[in-house]
Amino acid sequence: QGREEIRVVGSSTVFPYSQAAAEQFSNNTGATSPIVESTGTGGGMQIFCGGVGVAHADLTGASRAMTQSEFDLCASNGVTEITEALIGFDGLSLAISRASEFSWDLSLEQVYLALAAQVPVDGVWADNPYQRWSDIDASLPDIEIIVLGPPPTSGTRDAFVELAMHVGCEELEFVQAGGFDGDWVEENCSRMRTDGPFIEAGENDNLIVQRLQSDPNALGIFGYSFVFENLDTIQGVALNGVAPSFDTIASFDYGVARPLFFYIKNAHVGVIPNLMEFIEEFISEESIGPGGYQSERGMVPLPDADRAAAQAATLALTPMARPE
Amino acid sequence: MTLLAFMILAALAVSGFLLNRSAALAIQAGGTRTHSLAYFHGLYALLSVLVPVFVVICVYLVLKTPVINGMVIGGLPDGVLDDMSAGQVDLVLATIQSITRGQTFGTPPDWQLAAAERLTSLYAGADLLMVVVVAALSAVILFFVRRQVAAEFRARQAAERIVHGLMVACSLVAILTTVGIVFALVYEAYRFFEMVPVMDFLFGTRWEPQIPIRADQVAAVGAFGWLPVILGTVVIGTVAMLIATPIGLLTAIYLNEFAPKSVRAVVKPVLEILSGVPTVVYGFFAILVVAPALRGTGADLGIAVSSNTALAAGGVMGIMLIPFISSFADDALTAVPRSLRDGSLALGATRGETMLKVLFPAAIPGIVGGILLAVSRAIGETMIVVMAAGLIARMTINPLDSVTTVTVQIVTLLIGDTAFDNPKTLAAFALGLMLFILTLGINILALRIVRKYREIYD
Amino acid sequence: MADITNSGTGGPRKSSLTESSAKIAKRKRADLILQGFGIGAILTAFTVLFILVASLVSTGYTAFVQTHVTLQVFVDPAEVAEERLPRGGFQEVLTASLLSNLPDADPESDARAVRNILSNGAQFYLRDRIVANPSLIGQTISITVPVSDPFDQLNKGNVDRATPEAQRRVNDREIGWFDALDTAGMIATPLNWGLITNADSRFPELAGLRGALVGTFWALLTCFLISFPIGIGAAIYLEEFAPKNKLSDFIEVNINNLAAVPSVVFGLLALAVFLNWFGLPRSAPFVGGLTLALMTMPTIIIATRAALKAVPPSIREAALGVGASKQQVVFGHVLPLAMPGILTGTIIGLAQALGETAPLLLIGMNAFITSAASSPFDASTALPTQIFIWADSPERGFVSRTSAAILVLLGFLVLMNGMAIYLRNKFERRW
Amino acid sequence: MNDMRLTERGVETKQIKMKARGVEVFYGDTHAIKSVDVDIEDHTVTAFIGPSGCGKSTFLRCLNRMNDTIDICRVTGDIHLDGEDIYDPRIDPVQLRAKVGMVFQKPNPFPKSIYDNVAYGPKIHGLARTKAELDEIVEKSLRRAAIWNEVKDRLDAPGTGLSGGQQQRLCIARAVATGPEVLLMDEPCSALDPIATAQVEELIDELRQSYSVVIVTHSMQQAARVSQKTAFFHLGTLVEFGETSKIFTNPEDPRTESYITGRIG
Amino acid sequence: MNDMRLTERGVETKQIKMKARGVEVFYGDTHAIKSVDVDIEDHTVTAFIGPSGCGKSTFLRCLNRMNDTIDICRVTGDIHLDGEDIYDPRIDPVQLRAKVGMVFQKPNPFPKSIYDNVAYGPKIHGLARTKAELDEIVEKSLRRAAIWNEVKDRLDAPGTGLSGGQQQRLCIARAVATGPEVLLMDEPCSALDPIATAQVEELIDELRQSYSVVIVTHSMQQAARVSQKTAFFHLGTLVEFGETSKIFTNPEDPRTESYITGRIG
Ligand SMILES: Nc1ncnc2c1ncn2[C@@H]1O[C@H](COP(=O)(O)OP(=O)(O)OP(=O)(O)O)[C@@H](O)[C@H]1O
Ligand SMILES: Nc1ncnc2c1ncn2[C@@H]1O[C@H](COP(=O)(O)OP(=O)(O)OP(=O)(O)O)[C@@H](O)[C@H]1O
Ligand SMILES: [Mg+2]
Ligand SMILES: [Mg+2]
Ligand SMILES: O=P([O-])([O-])[O-]
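Here the protein sequences line up with chains A, B, C, D and E, keeping their order. Just so you know, we're using the working numbering here: the first sequence kicks off at 1111 and counts up by one. Just so you know, we're using the working numbering here: the second sequence kicks off at 17 and counts up by one. Just so you know, we're using the working numbering here: the third sequence kicks off at 73 and counts up by one. Just so you know, we're using the working numbering here: the fourth sequence kicks off at 158 and counts up by one. Just so you know, we're using the working numbering here: the fifth sequence kicks off at 158 and counts up by one.
No lab work stands behind these hints, which were simulated from the structure alone. Heads up, some of the hints might be wrong.
Now the stretches of chain B that chain D is said to cover, found in silico as 3 or more residues with beta-carbon under 8 Å [said to hold, decoys possible]: (1) 350–357; (2) 360–366; (3) 374–385.
Yeah, the Cβ is synthetic: ideal placement off N, Cα and C, and Gly gets one too.
Throw the hints in and build the complete structure from the sequences for me.
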């Protein structure tokens, strides 16, 4: 059977943006709307790399770059030409209910100490003993550590580990004094604690927002767009003195911003109707430019120059190289 | 075209019915008694045509596309498919199909246009052929069936044999579903146990399946001991049953013995709504209403309550199970013969004494059967716990803590990631298998008990 | 109290029937306590149900109305030209009309902010009007369009005007504009038919359940057409014809067990068999229906067998006794008598299928699709998966829409259960 | 009626135990019992006979208010037990039923042990203070019901495991155990084979030493064999009531006569 | 036995309609019927009597293979109808049952109209070609069952709405309508009142003009009244079989004698 509609899978973070592009595309052209599924970055890669042909997806969204092993998986299934399209940034943010009585400003080191499975305790690398924020630093509130965060299946989790946990780990005196290198950090600082304070809350960010609203002492980790929509009830937690906002995320001042991508299966361009037109819509200025409709949904646009380059590269369908 | 084929089939089958029936009637008019009613002669003709030809049409519908695609691909000029992978060939086919729909990109090469034409003509030809085959086959069957009409022909038996066959086929579907599930579970679980020793799985006390999904991902090291997971299931299930059983039983007792008819007529259906509410809704309810309330109460009392407390998930699940238990208990109580109730009342027992000392004990086997079925529901329930229970497995029986369940793990391990080759994903199947075995055991037990109790009163 | 132990000696002591001893009072009290517990149990269940529905209604009711603004729009030929249709500057035309009502807004710098009062879909409302009737170009027409979600929330009182400006999606100036429109009588909050008649959208004010309803319809139809005949056929065979032995016991246990198998396992099976082996399309309601049919079948089989069992053997014997064949007995007498029970079971099974989520997630029925499926093979969502998607959308408007969608789903469930109860009461037979 | 073995009986008048006056029973709109007056004597077996549906069971169930358990059933008129109106609102039917016991057409032992079946009534009424007392009541009741010898070795066996006749006698023992003053029996032998029937009939004759017994039966032979008084019901009315010997040999009412001579066994 | 009114009967020997030899029946491991030989004569009413559980019903159900419907039931031995072995695998039990009709203990009309109840058999056996013919069969059958006058005005009313006795006669009409050659009746009067019983007994006597009738009964009086031949079963064996008058007045077997003299109405 042929297929008339474009199929997009992938990251739940990119999902709202793909949705927006898909709806805009179909409104503008009257063409059948692309079908967008939210499968998580990893899951999307598995489906995307399943092979070429109408049974397989055309695009996949990703909240992190494609990895080497995924690229190889694609290649082994005959998906050899892939175009990487960088579309913008997502501000991963820590947030808490406005009902919280405390003013929150954490360092990444404190975040690490609160959430990691293993931390230095009296100079020894040991299981995380901290149960209250005040245990970590007396200046922090004397309340239980409760952080709701993404499950390991999600790219959000990967990004958080990389951007917050690893960096926080490296800031530890223990690590700096010990002279441990990046590999050591990756080896030892990637595990989130499983003894209660860190709660893997599933992929549903709205659910986390609502749980924050009902529990003023719980922190949540999720996309900035959800903070933005609910500014009246929740607030971003400042990291190293920087509160999350569109500006601080775009400038990478807020510690945990990450790039968003989608990947194009080049072999499908020219076969699946309207695929190229949809890609053009997705990366148009109206979409990902400043003030474009993606920013309404919470995406942080790329700086002008980067954006122009990314758009050009995407339109040229330049196949990506094997990631390092 | 397919519709036409079905219409032809229907028309010929009906005419076969009429034809054979009138033939049988003619024999009867001649004064001979036919073995079977004329109606059965007709029915036999109808079924003889309908069943095989229907199967033929279905097979055609399934095979049409792959066969024609194969023919088109096979008919392409030499060389154009050289060095192409299956997927690329698939894309070529998709391009050709797009052309038949009038969608082209640039100027397609001539061989593609030719193939598109061939594709169109093959489809048209195949449909025509199918209609002809259907008509011809039906006619041939009709012809032979018509010749069978005779006074001594056992048309009833013949028709009943066909119906019997159809019913057996239906049963096979149900059985095949089970076989399919068992096969899928066992096969994947076997692969899992090739990677993780059975003993580690069965007796391990650590469940940390978050081993790297990709070679270069860093995460927790894998540990696949299912005990904490099943323990979590047991904790949540126990909470659920502790809520559902007393409330359900008391409800049944009240409705069965004390409630005025009008109350019963209202309460029963309203309660049934509780079991009809989609479980995803209960999930929202548990996590957004019940859990915070419990946490708040706990905080007021100075007790630490996890925000994923098993109490919330289990409690809400218990609510869901109330009507299940109450209607089972109500049925069991109703099944106790009225004579026992009269017997007790006539001895001067109050209604409460009659209920508690005679009716309820007499209904116990049925009630226990129902409770067991509710238990198997509870451990198989998915969406409530996916939303309201935790993800992290811990060896605890404290219902105020967060625990995880077998179904939660299955869902989280599977949704999102469908690489069927690492133990993380395969572990879901091992868990599924254990769940299947567990519910099977409970069901066998429940059936035994219910059976035994039926024997007493039948 | 008569006491037989002394009946031999002095004859039973006569006691009055009205005389009430402490013992009797105690027994009566025990009776009342039992009743009290029963009523308490029922009230508990009802309270929970009430809280559940109330919490849904309290968040969901606002989604059943939608804020609209009625504008007098001059369809400027400079922006909208007949030759360029369906493209054109509809957005600009609408903005111009808004600006004409907001004297304090600067036509240049505030254009974007003002435009954001309207739903993104507003331009397409206008476009469709004009495409249908190009002669409107150059005229001033009156058009009613939805406002965008932040203003919808504002109008519904979900935005607390007292919160600091930085913590709101709408700032004080925007609120002022909206209030100006409101005072001018241009704002109305009619019933939100779009909730039913629109397909999904990323804009809450445009999003509706049509796609989900159509998808659910196709899925349930498929589910019914497959599970009903097969379920009844299997049940009749197993109950009436299959030899009773270890094997049939085993099959019975298995079918009971199928009803208890977690639904996600059926999703697993569907993923492996229907999608990967048979290559059926992803996200299709047909596949969803097949999957749900596998789950519904055991329910139907169990209900049918129970209904068949309930038909008294005397009816069977009577028919056999006059020389009817087994099949004549079953199809002529037993099945018609069992039909109400079978239908009830089927409806309840379908109601369960209606609310089922997990297996549909596995076969991709949780996609974003802005048009309703026109056949069971087109990609589509279903009601529960639509709820799932909406629940995870950032816009505030989706919170109430999620609850509203749940209420719609509950409405259908109550309807189906009501039907089952009606059937049961109407045809309930006592022999 | 030459084949009837009428039980010999004395002529002494007995005390009246229950007295019904102007009893009417309605099931919804159906008028099932029409103005019935009956006196039930102490130490007497009274038989109710009549064609099916004439209201025998209905009237019997008025005597211990078992009709209360039927929603649509409405009873008017007076029924007195030892001079007390049993339909008086102050009367507790539970206490009434302890005094007016009942045995049903189909034996209905509880699915408990034989012992527990008999001990059930004494237990709920608190008739025994100790286990020994209870044991005594159970044994005595089983003896009275002429089943002690058959079951004394298996008091723990389930009552449902007995044969039909044994079950019926067990039910009688159960009724006797609460020490009733009147015993109502609704066709107690209709589910039994002839041998079991003989045993139960013998028992009834014995029971009348201590109780007032009312028995509903289809079989005129049975009525003739076991009863001293007979009431003939027809279409909800009491047609004739009197000495059994008189009713069977010399009925006053032509309806009685035609029923009895058209007798079918 | 001085109270039995034995039906007068001629001495002519009748043709043998059904013949059973060495019939054994097992329910699973229970041996319910042990080597029974019986001849059922044409135009004769044969009664099966015996204590409860002795196997009367079981044996009766062998005669039209109704036992086939009980999974665990196994029948061995020979039973012939007009010289044909009815357990021959080539025999269609469905046709057999059309020839050997059956009436059950509890009246069991279909939940359909009175007309449809009677017409059902003729319809499935194709006995009537036209509606008029069918009407005729229905009327004739209802007349034979002596119920025509009571129901002729309400043939469309549901059969379940009739009284017990009427229902039983309707069931007989239904059985008669298929034109059977043998009619088996399993305690057809046990659910009936005496008046209805009398009607059915009269009917049975009439039916024997056309059919061979086999009746199971608990009541020896009934057996004596309606039958010409009687078979006495005990614990699964046929103890005695012969002329009813002989069995009741002068039984050969001591077991028969003791059962009959221990008779209870
Ligand atoms: N629960 C009831 N609801 C409605 N009508 C009833 C009920 N029980 C009895 N009847 C009617 O009351 C009348 C008397 O019934 P009852 O059972 O007292 O008769 P009976 O003399 O005991 O008959 P049988 O000999 O068949 O037991 C009958 O017409 C019967 O239909
Ligand atoms: N379906 C059955 N399964 C097992 N055993 C049975 C079945 N039906 C009857 N029996 C047994 O076979 C024996 C004969 O039973 P049957 O019903 O023929 O007796 P009966 O003479 O008709 O008794 P009754 O007078 O009580 O009707 C009994 O011991 C009975 O328990
Ligand atoms: Mg009665
Ligand atoms: Mg019998
Ligand atoms: O859905 P993710 O972006 O978290 O992978």
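Okay, the region 360–366 of chain B and chain D, do three or more residues pass the C-beta test at under 8 Å? With 7 residues close enough to chain D, the hint holds.
Establish whether the coverage given for the region 374–385 of chain B by chain D is satisfied; the threshold is a Cβ-Cβ distance below 8 Å, and no fewer than three residues must meet it. holds (count 3)
Cut-off 8 Å, C-beta pairs, minimum 3 residues; does the coverage of the region 350–357 of chain B by chain D stand? holds (count 4)
Violated hints for the displayed structure: none, as all numbered hints are satisfied.
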